[in-house]
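Chemist: Protein chains in written order, with UniProt numbering: chain A, 1 to 351; chain B, 1 to 351; chain C, 1 to 351; chain D, 1 to 351.
Note that these hints are calculated values from the structure, not bench results. None of the values given here were measured: they were computed from a predicted structure.
In silico SDA-like cross-links for lysine to any residue, where the CA-CA straight-line distance does not exceed 25 Å:
1. B/K171 with A/D254
2. D/K101 with D/N72
3. A/K171 with A/D229
4. A/K242 with C/G188
5. B/K289 with D/K43
6. C/K318 with D/D229
7. B/K43 with D/R294
8. D/K242 with C/G188
9. B/K242 with D/D56
4 protein chains.
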Amino acid sequence: MSKIGVGVLGAAGMVGQRFLQLLQDHPMFEVVQLFGSDRTAGKKYGEVVRWQMDTDLPSGISEMVIEPIDLNNMNNMDCEVLFSALPSEEARKVEPQLAQKGYKVFTNASALRMDPYVPLIIPFVNHDHIRAIEEQRKQYDWKGFVVANPNCSSTPVVISLKRLHEMFGVKKIIVTTLQAVSGAGYPGVPSLDILGNVIPYISGEEEKVETEPLKMLGVWEKPDFRYADISISAHTNRVPVKDGHLVTISVEFDRPVSQQEILDAWENWQPPVMSMNLPSLPPRPLIYKHENDRPQPVKDVMTLSGMGTVVGRLRPCKVLDWKYIALAHNTIIGAAGCSILNAELYYATYC
Amino acid sequence: MSKIGVGVLGAAGMVGQRFLQLLQDHPMFEVVQLFGSDRTAGKKYGEVVRWQMDTDLPSGISEMVIEPIDLNNMNNMDCEVLFSALPSEEARKVEPQLAQKGYKVFTNASALRMDPYVPLIIPFVNHDHIRAIEEQRKQYDWKGFVVANPNCSSTPVVISLKRLHEMFGVKKIIVTTLQAVSGAGYPGVPSLDILGNVIPYISGEEEKVETEPLKMLGVWEKPDFRYADISISAHTNRVPVKDGHLVTISVEFDRPVSQQEILDAWENWQPPVMSMNLPSLPPRPLIYKHENDRPQPVKDVMTLSGMGTVVGRLRPCKVLDWKYIALAHNTIIGAAGCSILNAELYYATYC
Amino acid sequence: MSKIGVGVLGAAGMVGQRFLQLLQDHPMFEVVQLFGSDRTAGKKYGEVVRWQMDTDLPSGISEMVIEPIDLNNMNNMDCEVLFSALPSEEARKVEPQLAQKGYKVFTNASALRMDPYVPLIIPFVNHDHIRAIEEQRKQYDWKGFVVANPNCSSTPVVISLKRLHEMFGVKKIIVTTLQAVSGAGYPGVPSLDILGNVIPYISGEEEKVETEPLKMLGVWEKPDFRYADISISAHTNRVPVKDGHLVTISVEFDRPVSQQEILDAWENWQPPVMSMNLPSLPPRPLIYKHENDRPQPVKDVMTLSGMGTVVGRLRPCKVLDWKYIALAHNTIIGAAGCSILNAELYYATYC
Amino acid sequence: MSKIGVGVLGAAGMVGQRFLQLLQDHPMFEVVQLFGSDRTAGKKYGEVVRWQMDTDLPSGISEMVIEPIDLNNMNNMDCEVLFSALPSEEARKVEPQLAQKGYKVFTNASALRMDPYVPLIIPFVNHDHIRAIEEQRKQYDWKGFVVANPNCSSTPVVISLKRLHEMFGVKKIIVTTLQAVSGAGYPGVPSLDILGNVIPYISGEEEKVETEPLKMLGVWEKPDFRYADISISAHTNRVPVKDGHLVTISVEFDRPVSQQEILDAWENWQPPVMSMNLPSLPPRPLIYKHENDRPQPVKDVMTLSGMGTVVGRLRPCKVLDWKYIALAHNTIIGAAGCSILNAELYYATYC
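For reference, chain A alone in the conformation it holds in the complex:
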């Protein structure tokens, strides 16, 4: 059975590289086209990329010539799926048109995440939102569609809260993030700014963490998304860590909950998507570590090949009800890995 041809938009960037790494030897998808900016288009990928992954650049990819993102020449291409790692502004311009032309666009860009007809999905959390693409196509008269995955900082927040919200009702959370530099792309954060330092501000990040979870933890009821009624407050910070966003979370529930109930909820969580046969699904969505000083980015970021979220330090909060910490790999489950999982979810759902 032949694989589905995919293209990667913004292929030379940090998240673009992660897409290519994760798609290597993928059982369903095959990368057939790479797209990049005017600076890189027309050149071989291997010549322009500053490869940051810890596995070798696949030689087949290295030889591929990057194509420009020129909408006039993007009709009837070999690829059926487009994974997008575009900057937000460019994504806003081109992703709708690519969907209109019939492509299945799975995007890591923030541009359309909060669009009223674009589903924002982490399959563990809200796999059923994939159905929203039907309404999307109708409303926008698109032949293809756009599915988004959330911001890398929203990811550990939402994954750790999903089951708790289902069981106990989450009312309020206060989050502080300690985010890795790879989240800012390449060249990204200058070393002079971050060596031995903390930068207590990331443009636009707090707004994302305070809104995206509401859409994912809410429900899709044709034709609309109904947001979860949760108050979220976020402090976002950059720290001198390479990969892995760590978040501290204090949470208040609708009703009294014991520590054991929360631990059991996490331990026994079997989201419906786990019964679907998606190649990139990790064996579990989340792991709780009982050591008192874990998770840590360096030691835990690659848990379940970077597709798992690690939770720890559950203890009472003197202001809200409980507090804990969570860690997720910001460019795997927090970006490219989630986008690929969303594409797998689509095909498992519709084909």
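Dock chains B, C and D against the given chain A, drawing on the hints supplied.
Modeler: Structure of chains B, C and D alone, referenced to chain A:
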């Protein structure tokens, strides 16, 4: 006029070194004795210390012989004041006896901070608690006394909240700390644990941050301390930063407060101690930075020679009322600098 | 076929952990005993170790009880092989006696490396030195034997020079090392010393780099080692890198050599050991990277699973003849991995 | 007496900022004009600069409007001196024309350093080369002139060798550098490239270190520079350090020299410029540290306010004669500080 002779307990450690650096050329105090562990006692300070300060080790100090902490031989010594940078367990054993012998002990150790008769003081916040030493002497029948300064993470929390609590009433706060490695002393945090990493746990630290501010923001009413009625929840983390503890704070007040009221409160704050003539007082207790990405440890930790606290990013909190960040130097105003200020406060009050 | 039982001396340390990680699922060896200091002996490994590896602690190992290094009780043990990660002083005391008792000791300790009858081996470089154990047993009247591997900084020097010395004759080299903190063990280098810093001194290290290669690049002629006649000068430095020692090398040969001759020598190097069937042998001893800014520790240290040495930047030297850089993983091929390879070499040679 | 008006070219960059910091309250010079790229020209300095210095941005400077580097409008300006922190290519275009127009140009750019009529000066090393500007003006028919200072890596090499070369004759040196990220300017080195890593390549750097010292250690004999006859080989590396270039040096002399002779040479070195009254001269050009692990960047880079070079670890070299290490602040004595010293030298010599 001759200076007051002082001794430093735990002189070779990180905070001990900071005491010696800050006491160099001090107008009131002169270091006449150094005390250390069995490992260092009997040797010249310059031979055993691993000097970490960025100014040179004073040559007079380098030649001084470290004395053992042997209570039998600590009667009628040359020093009238003892600054303590002892580990907590040892402090618990020796500080009360030294106070009993008549010494004025100003301690950075945590052992006695929450003792019902030991005042815990940052002069900007609660200089009037110094009066509690009178009751302390009576209760314990001590000829001397013990005055403590708070934990280095409590410091930016309390200094930034003091004026707000006075004016608006603080009800609840949630704090996440990003703490420097110098807070763990030397050798302290192994580089293998912290290079490119975050450690989301510091033993005993959350308890300190959740209780010490209540004593300092409370009132001393002879013969007791009445704690402030504030709920505090803390997440404490170690980050690969050398000096400077950064905290993110969300706060709820007793009544509605505007952003401008808070900014004005900070701007116009003139704690009573500012009118006393203490040599180590900075010109202001606190500075608000309006840039959206400040304070940062590397850039701001030495504000007002490390005796100032830097506050920034005041903005609405969707869960509590307001949120902001604060930074203080953990071994200057957060440790040795505060202890010295407390000693100055004592002499200005009583002599 | 049953596996050979092995014990690990100093199992809880950095190199001890690496031994256990590399021996997991090893086709020839099975860890049956762990030995540790008085502090750890009698306790379960999982309770005392501060596990630093990036794979999980094997659960079987975690449950094993650490045994004391008590020579009186170390007769007729289950293990036939002992891998030693002991500190040098302790190694000097116990390794000879363990060899005397009949154990096959493969040691990473420096104590006996330069002993006149102990072979110091990297199998790519001098696999034939293994024959020296015959003379060793005779001279010392041991039932077992000791085989050592070199210092982690000597490793990339020797591996990169071996083939060049064979072909062109190496006369002089000047080496500067940039060494990772894991080379100092755990807790090892305090973070306060190395964050954003370089420490231009490592105790005893320059002597090792200046002498160990002479033994390995020399010949073993029964009954003696004849050292290579090479002048080596080393500058050793610690840098804030987790794993991977990088060395800059300038080299002078006995005769004029072209750049292409050197590249060919490396490219075509097939050390005799490559034809032996050793389970831990990497497919190649060494890889040359043509990019002008490689090797780099973060990107290249895991080349060939950490068993490979990466060489780069070969260019003319204006003082000696040629210069280049080399990188090797200090706790894999530079320590535990080499020791295991040496054990495999022994069994392939003698059994 | 009024101060001399100076302009700074490339004022917003890393070295530009250092110029402004060091020129604040300078007794001879007053910054009256700032020049920048098209991106910054026309805007207030405070609005475009990303200030990296550890002292506050002088408020007068913050309000100054940056002027474009437009040669047509650069006649008869208020400033008599121009300090240049331009990128090399731009420097090559504009510095000669500015000299032609009559300005006294003191440049940190590499463009003209090796020009046959431009003196390359560190006043401790070759203050007498300032006389070369007379020939320069004649040859090029310039009303003004250009004086350059060396590359930041050449600086500790040349300063530590100068006196040794005078006394013993230096024949050969091999240098390995461990260079700070501030040497690459801002944004400069991406954090993803350097966190926990070493980059063993800096474009063009080895060529500079291998040639610039020859000009400075040579002699100026009207009308030419005669280069020193020394062979230099350099390995240049970037390490995760903020400020301070550390170099390891092995050196061979014309004649046998004892360790004490070298220590004495450094100790007693009184370069002629020390008797001139230059405001930015440190009390000594160089300090030798006897501790075995010094100098270190974090601890020693600000020695003598960053205008001093720190030398240490002098010991025999088994290949050349002696080896040692040296450290200099790459943006103070290694860049802006040296340029300012050169300007002071000019006025002390000619006015």
